[in-house]
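Asker: Sequence:
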Amino acid sequence: MGSERRERAKVLGARLRVLRAEAGLTGAAVAQRAGVGQPAVSKVETGRMVPSAEVLDRLSRALGLDESTAGEVRELLAAVEAASDADRSAGGAAPAGMTVDEEVRSAQLVRSFQCVVLPAMLQSAEYARHVFESAPAATPEGVGRAVAARVERQSVLYEPGRESVFVLTEAVLRTWPGTPALMLAQLDRLLAVESLSTVRLGIIPWRRPVPVLPRHGFTLCDRRAVVVEAFSGERVSGDAGEVASYEETFGRFEQAAVFGGEARELLLLVMKEFRDLGDVVTP
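Position one of the sequence shown corresponds to residue 2 (my numbering), numbered consecutively onward.
No wet-lab data here; the hints were simulated from the structure.
Using N, Cα and C, we set each Cβ at its ideal position, and we do this for glycine too.
Some hints could be false.
[As the list claims (entries may be wrong)] Derived Cβ-Cβ restraints for the label pairs, each shown as a range:
#  : residue 1 : residue 2 : range
1  : Glu23     : Leu197    : 31 to 41 Å
2  : Ala79     : Tyr159    : 28 to 38 Å
3  : Thr70     : Val117    : 27 to 37 Å
4  : Gly65     : Leu197    : 44 to 54 Å
5  : Glu8      : Pro212    : 42 to 52 Å
6  : Asp67     : Pro178    : 49 to 59 Å
7  : Gly262    : Val19     : 47 to 57 Å
8  : Glu8      : Arg253    : 40 to 50 Å
9  : Ala172    : Glu23     : 49 to 59 Å
10 : Glu5      : Pro212    : 20 to 30 Å
11 : Gly239    : Glu68     : 13 to 23 Å
12 : Thr70     : Gly262    : 45 to 55 Å
All chains, full assembly: derive it from the sequences and hints.
Answerer: The following block contains the structure:
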(Lines of atoms letter the chains of each structure in order from A and count residues from 1; the text may use other names and numbers.)
(Lines give C-alpha, C1' and ligand atoms only; values in the text may rest on other atoms or scores of the structure.)
Protein backbone atom coordinates (compact mmCIF):
# COMPACT_ATOMS: atom_id res chain seq x y z
CA MET A 1 0.00 0.00 0.00
CA GLY A 2 1.47 3.37 -1.03
CA SER A 3 2.14 5.96 1.67
CA GLU A 4 -0.60 8.35 0.54
CA ARG A 5 -3.13 5.54 0.19
CA ARG A 6 -2.13 4.22 3.61
CA GLU A 7 -2.68 7.61 5.24
CA ARG A 8 -6.05 8.08 3.59
CA ALA A 9 -7.09 4.57 4.59
CA LYS A 10 -6.22 5.46 8.19
CA VAL A 11 -8.39 8.58 7.96
CA LEU A 12 -11.32 6.52 6.69
CA GLY A 13 -10.78 3.89 9.39
CA ALA A 14 -10.53 6.46 12.16
CA ARG A 15 -13.77 8.11 11.06
CA LEU A 16 -15.59 4.76 11.05
CA ARG A 17 -14.20 3.97 14.50
CA VAL A 18 -15.53 7.29 15.87
CA LEU A 19 -18.93 6.69 14.27
CA ARG A 20 -19.07 3.23 15.82
CA ALA A 21 -18.23 4.64 19.25
CA GLU A 22 -20.92 7.32 18.84
CA ALA A 23 -23.42 4.58 17.97
CA GLY A 24 -22.46 2.71 21.14
CA LEU A 25 -21.62 -0.47 19.22
CA THR A 26 -18.78 -2.95 19.56
CA GLY A 27 -16.78 -4.11 16.59
CA ALA A 28 -18.38 -7.54 16.96
CA ALA A 29 -21.87 -6.05 16.84
CA VAL A 30 -21.08 -4.05 13.71
CA ALA A 31 -19.54 -7.11 12.07
CA GLN A 32 -22.64 -9.19 12.80
CA ARG A 33 -25.00 -6.51 11.52
CA ALA A 34 -22.93 -5.96 8.35
CA GLY A 35 -22.38 -9.64 7.68
CA VAL A 36 -18.59 -9.39 7.64
CA GLY A 37 -15.89 -10.89 9.82
CA GLN A 38 -14.95 -9.06 13.02
CA PRO A 39 -11.25 -9.09 12.00
CA ALA A 40 -12.24 -7.25 8.82
CA VAL A 41 -13.92 -4.48 10.85
CA SER A 42 -10.80 -4.16 13.00
CA LYS A 43 -8.52 -3.98 9.96
CA VAL A 44 -10.70 -1.36 8.28
CA GLU A 45 -10.77 0.80 11.42
CA THR A 46 -6.97 0.68 11.76
CA GLY A 47 -6.40 1.42 8.08
CA ARG A 48 -4.83 -1.97 7.36
CA MET A 49 -7.63 -2.90 4.98
CA VAL A 50 -9.61 -0.82 2.51
CA PRO A 51 -13.25 -1.92 2.20
CA SER A 52 -14.93 -2.29 -1.16
CA ALA A 53 -17.76 0.16 -1.87
CA GLU A 54 -20.28 -2.61 -1.23
CA VAL A 55 -18.76 -3.50 2.14
CA LEU A 56 -18.59 0.17 3.14
CA ASP A 57 -22.31 0.52 2.38
CA ARG A 58 -23.01 -2.50 4.60
CA LEU A 59 -20.95 -0.99 7.41
CA SER A 60 -22.79 2.31 6.99
CA ARG A 61 -26.14 0.57 7.32
CA ALA A 62 -24.90 -1.40 10.33
CA LEU A 63 -23.90 1.88 11.99
CA GLY A 64 -27.25 3.45 11.14
CA LEU A 65 -25.64 6.39 9.32
CA ASP A 66 -27.85 9.03 7.79
CA GLU A 67 -27.40 9.84 4.10
CA SER A 68 -25.17 12.83 4.77
CA THR A 69 -22.72 10.90 6.94
CA ALA A 70 -22.83 7.88 4.63
CA GLY A 71 -21.92 10.21 1.78
CA GLU A 72 -19.03 11.54 3.84
CA VAL A 73 -17.49 8.10 4.34
CA ARG A 74 -18.03 7.27 0.65
CA GLU A 75 -16.04 10.38 -0.21
CA LEU A 76 -13.26 9.24 2.13
CA LEU A 77 -13.20 5.89 0.32
CA ALA A 78 -13.07 7.70 -3.03
CA ALA A 79 -10.02 9.59 -1.74
CA VAL A 80 -8.32 6.28 -0.88
CA GLU A 81 -9.08 4.93 -4.36
CA ALA A 82 -7.76 8.13 -5.95
CA ALA A 83 -4.52 7.66 -4.03
CA SER A 84 -4.40 4.06 -5.31
CA ASP A 85 -4.69 5.32 -8.88
CA ALA A 86 -1.87 7.78 -8.24
CA ASP A 87 0.31 5.01 -6.79
CA ARG A 88 -0.31 2.84 -9.85
CA SER A 89 0.54 5.70 -12.21
CA ALA A 90 3.80 6.29 -10.37
CA GLY A 91 4.88 2.70 -9.99
CA GLY A 92 3.16 0.64 -12.69
CA ALA A 93 -0.21 -1.02 -12.51
CA ALA A 94 -0.70 -4.15 -10.48
CA PRO A 95 -1.55 -7.03 -12.81
CA ALA A 96 -4.97 -8.54 -13.20
CA GLY A 97 -5.98 -11.05 -10.58
CA MET A 98 -6.43 -8.86 -7.51
CA THR A 99 -10.21 -8.49 -7.64
CA VAL A 100 -10.83 -11.88 -6.07
CA ASP A 101 -8.44 -11.00 -3.22
CA GLU A 102 -10.33 -7.78 -2.53
CA GLU A 103 -13.70 -9.54 -2.41
CA VAL A 104 -12.56 -12.54 -0.37
CA ARG A 105 -11.09 -10.52 2.48
CA SER A 106 -14.52 -9.21 3.55
CA ALA A 107 -16.43 -12.50 3.19
CA GLN A 108 -17.20 -14.96 5.97
CA LEU A 109 -18.03 -17.81 3.56
CA VAL A 110 -15.83 -18.31 0.50
CA ARG A 111 -16.46 -21.05 -2.05
CA SER A 112 -14.05 -21.32 -4.97
CA PHE A 113 -14.03 -23.70 -7.93
CA GLN A 114 -10.99 -23.93 -10.18
CA CYS A 115 -10.30 -26.11 -13.21
CA VAL A 116 -6.80 -24.96 -14.27
CA VAL A 117 -5.17 -22.55 -11.80
CA LEU A 118 -5.06 -22.93 -8.02
CA PRO A 119 -7.43 -20.71 -6.02
CA ALA A 120 -5.84 -17.37 -5.15
CA MET A 121 -6.02 -17.97 -1.41
CA LEU A 122 -4.08 -21.25 -1.67
CA GLN A 123 -1.23 -20.09 -3.88
CA SER A 124 2.35 -20.03 -2.62
CA ALA A 125 4.30 -16.84 -3.27
CA GLU A 126 6.25 -18.38 -6.16
CA TYR A 127 3.14 -19.86 -7.76
CA ALA A 128 1.37 -16.49 -7.43
CA ARG A 129 4.35 -14.78 -9.07
CA HIS A 130 3.92 -16.94 -12.16
CA VAL A 131 0.18 -16.19 -12.19
CA PHE A 132 0.71 -12.43 -12.08
CA GLU A 133 3.61 -12.44 -14.52
CA SER A 134 1.35 -14.08 -17.11
CA ALA A 135 -1.24 -11.30 -16.84
CA PRO A 136 -1.48 -8.67 -19.62
CA ALA A 137 0.75 -5.60 -19.16
CA ALA A 138 2.40 -6.99 -16.02
CA THR A 139 5.42 -5.07 -14.71
CA PRO A 140 8.05 -6.33 -12.25
CA GLU A 141 7.04 -3.68 -9.71
CA GLY A 142 3.35 -4.46 -10.07
CA VAL A 143 3.94 -8.20 -9.82
CA GLY A 144 5.98 -7.77 -6.64
CA ARG A 145 3.27 -5.68 -5.00
CA ALA A 146 0.53 -8.08 -6.09
CA VAL A 147 2.34 -11.14 -4.75
CA ALA A 148 3.00 -9.47 -1.39
CA ALA A 149 -0.63 -8.37 -1.09
CA ARG A 150 -1.94 -11.83 -2.00
CA VAL A 151 0.22 -13.58 0.58
CA GLU A 152 -0.80 -11.06 3.27
CA ARG A 153 -4.50 -11.50 2.52
CA GLN A 154 -4.25 -15.26 2.84
CA SER A 155 -4.21 -14.72 6.60
CA VAL A 156 -8.03 -14.74 6.45
CA LEU A 157 -7.82 -18.55 6.11
CA TYR A 158 -6.78 -18.75 9.76
CA GLU A 159 -9.37 -16.37 11.22
CA PRO A 160 -12.07 -17.95 13.43
CA GLY A 161 -15.60 -17.47 12.20
CA ARG A 162 -14.67 -17.80 8.54
CA GLU A 163 -15.28 -20.81 6.30
CA SER A 164 -13.50 -21.51 3.03
CA VAL A 165 -14.44 -24.33 0.66
CA PHE A 166 -12.21 -25.04 -2.34
CA VAL A 167 -13.02 -27.52 -5.09
CA LEU A 168 -10.39 -28.29 -7.74
CA THR A 169 -10.23 -30.63 -10.67
CA GLU A 170 -7.23 -32.96 -10.61
CA ALA A 171 -6.03 -31.04 -13.67
CA VAL A 172 -5.25 -28.07 -11.39
CA LEU A 173 -2.69 -30.19 -9.52
CA ARG A 174 -1.06 -31.23 -12.77
CA THR A 175 -1.01 -27.86 -14.56
CA TRP A 176 2.25 -26.45 -13.33
CA PRO A 177 4.44 -23.40 -13.89
CA GLY A 178 8.15 -23.16 -13.10
CA THR A 179 9.68 -26.40 -11.91
CA PRO A 180 8.62 -29.65 -10.22
CA ALA A 181 10.25 -28.31 -7.04
CA LEU A 182 7.88 -25.31 -7.09
CA MET A 183 4.89 -27.63 -7.34
CA LEU A 184 6.17 -29.87 -4.57
CA ALA A 185 6.31 -26.86 -2.26
CA GLN A 186 2.86 -25.76 -3.46
CA LEU A 187 1.29 -29.18 -2.90
CA ASP A 188 2.87 -29.35 0.55
CA ARG A 189 1.10 -26.06 1.32
CA LEU A 190 -2.20 -27.59 0.21
CA LEU A 191 -1.69 -30.45 2.66
CA ALA A 192 -1.10 -27.97 5.47
CA VAL A 193 -4.12 -25.83 4.59
CA GLU A 194 -6.37 -28.87 4.20
CA SER A 195 -5.82 -29.66 7.88
CA LEU A 196 -7.27 -26.31 9.04
CA SER A 197 -10.65 -26.42 10.75
CA THR A 198 -11.72 -23.35 8.76
CA VAL A 199 -10.98 -24.93 5.37
CA ARG A 200 -12.49 -27.74 3.27
CA LEU A 201 -10.45 -28.82 0.25
CA GLY A 202 -12.05 -31.06 -2.35
CA ILE A 203 -10.57 -32.54 -5.51
CA ILE A 204 -12.46 -34.03 -8.45
CA PRO A 205 -10.28 -37.00 -9.55
CA TRP A 206 -9.77 -37.47 -13.26
CA ARG A 207 -11.33 -40.94 -12.93
CA ARG A 208 -14.68 -39.30 -12.11
CA PRO A 209 -16.77 -37.54 -14.77
CA VAL A 210 -17.47 -33.89 -14.07
CA PRO A 211 -21.16 -33.02 -13.58
CA VAL A 212 -20.77 -29.89 -15.74
CA LEU A 213 -18.04 -29.13 -18.27
CA PRO A 214 -16.10 -26.32 -16.57
CA ARG A 215 -15.49 -23.21 -18.66
CA HIS A 216 -13.68 -21.06 -16.11
CA GLY A 217 -12.94 -20.65 -12.43
CA PHE A 218 -15.14 -18.65 -10.09
CA THR A 219 -15.33 -17.65 -6.44
CA LEU A 220 -18.49 -17.06 -4.41
CA CYS A 221 -18.19 -14.51 -1.61
CA ASP A 222 -20.89 -15.15 0.97
CA ARG A 223 -24.17 -15.21 -0.94
CA ARG A 224 -23.80 -11.66 -2.21
CA ALA A 225 -21.31 -11.82 -5.09
CA VAL A 226 -19.44 -14.06 -7.50
CA VAL A 227 -16.04 -13.31 -9.03
CA VAL A 228 -15.82 -14.82 -12.53
CA GLU A 229 -12.29 -15.28 -13.81
CA ALA A 230 -11.10 -15.08 -17.43
CA PHE A 231 -7.89 -14.37 -19.34
CA SER A 232 -8.80 -10.70 -19.72
CA GLY A 233 -9.48 -10.14 -16.03
CA GLU A 234 -12.07 -10.71 -13.35
CA ARG A 235 -15.71 -9.69 -13.30
CA VAL A 236 -17.69 -9.23 -10.08
CA SER A 237 -21.43 -9.79 -10.18
CA GLY A 238 -23.87 -9.10 -7.40
CA ASP A 239 -26.90 -10.10 -9.50
CA ALA A 240 -28.97 -12.41 -7.31
CA GLY A 241 -29.94 -14.70 -10.19
CA GLU A 242 -26.37 -15.09 -11.41
CA VAL A 243 -25.05 -15.69 -7.90
CA ALA A 244 -27.72 -18.36 -7.34
CA SER A 245 -26.80 -20.04 -10.63
CA TYR A 246 -23.12 -20.21 -9.65
CA GLU A 247 -24.08 -21.51 -6.20
CA GLU A 248 -26.01 -24.37 -7.81
CA THR A 249 -23.07 -25.13 -10.12
CA PHE A 250 -20.61 -25.08 -7.23
CA GLY A 251 -22.80 -27.51 -5.32
CA ARG A 252 -22.66 -29.97 -8.21
CA PHE A 253 -18.87 -29.77 -8.39
CA GLU A 254 -18.67 -30.14 -4.60
CA GLN A 255 -20.72 -33.34 -4.71
CA ALA A 256 -18.34 -34.82 -7.30
CA ALA A 257 -15.21 -34.07 -5.25
CA VAL A 258 -13.39 -36.17 -2.66
CA PHE A 259 -12.46 -34.61 0.68
CA GLY A 260 -10.46 -35.53 3.77
CA GLY A 261 -8.34 -38.65 3.58
CA GLU A 262 -9.12 -39.32 -0.08
CA ALA A 263 -8.04 -35.81 -1.04
CA ARG A 264 -4.83 -36.13 0.97
CA GLU A 265 -4.03 -39.46 -0.66
CA LEU A 266 -4.45 -37.88 -4.08
CA LEU A 267 -2.19 -34.96 -3.13
CA LEU A 268 0.50 -37.36 -1.89
CA LEU A 269 0.26 -39.38 -5.12
CA VAL A 270 0.72 -36.28 -7.28
CA MET A 271 3.64 -35.15 -5.08
CA LYS A 272 5.35 -38.50 -5.66
CA GLU A 273 4.93 -38.06 -9.40
CA PHE A 274 6.44 -34.57 -9.25
CA ARG A 275 9.41 -35.97 -7.30
CA ASP A 276 9.92 -38.57 -10.01
CA LEU A 277 9.53 -35.88 -12.67
CA GLY A 278 12.14 -33.73 -10.94
CA ASP A 279 14.74 -36.41 -11.58
CA VAL A 280 14.39 -36.01 -15.34
CA VAL A 281 13.29 -32.37 -15.82
CA THR A 282 15.71 -29.45 -15.49
CA PRO A 283 14.70 -25.80 -15.20
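Asker: Within 31 to 41 Å: is that where the Cβ-Cβ distance between Glu23 and Leu197 falls?
Answerer: 37 Å, holds
Asker: Hint says 40 to 50 Å; check whether the CB-CB distance for Glu8 and Arg253 agrees.
Answerer: Between Glu8 and Arg253, where Cβ atoms are some 46 Å apart, the hint holds.
Asker: A range of 27 to 37 Å was offered for this pair. Does it hold for the Cβ distance of Thr70 and Val117?
Answerer: 45 Å, violated
Asker: Mind checking the hinted window 42 to 52 Å against the Cβ distance between Glu8 and Pro212?
Answerer: 49 Å, holds
Asker: If you check the beta carbons of Glu5 and Pro212, does the distance land in 20 to 30 Å?
Answerer: This hint is violated: roughly 48 Å between Cβ atoms.
Asker: Using the C-beta atoms of Gly65 and Leu197, is the stated range 44 to 54 Å upheld?
Answerer: 35 Å, violated
Asker: Quick check: does the Cβ-Cβ distance between Ala79 and Tyr159 fall within 28 to 38 Å?
Answerer: 32 Å, holds
Asker: For the pair Gly239 and Glu68, does the Cβ-Cβ distance stay inside 13 to 23 Å?
Answerer: 21 Å, holds
Asker: 49 to 59 Å was suggested as the range; check whether the CB atoms of Asp67 and Pro178 agree with it.
Answerer: Since Asp67 and Pro178 have Cβ atoms about 51 Å apart, the given range 49 to 59 Å holds.
Asker: For Gly262 and Val19, compare the CB-CB distance with the range 47 to 57 Å and indicate the outcome.
Answerer: 50 Å, holds
Asker: Does the hinted range 49 to 59 Å hold for Ala172 and Glu23 at CB?
Answerer: Since Ala172 and Glu23 have Cβ atoms about 53 Å apart, the given range 49 to 59 Å holds.
Asker: With respect to the beta-carbon atoms only, verify the hint that Thr70 and Gly262 lie 45 to 55 Å apart.
Answerer: Check passed, 53 Å falls within 45 to 55 Å.
Checked against the numbered hints above, the structure breaks hints 3, 4, 10 and satisfies the rest.
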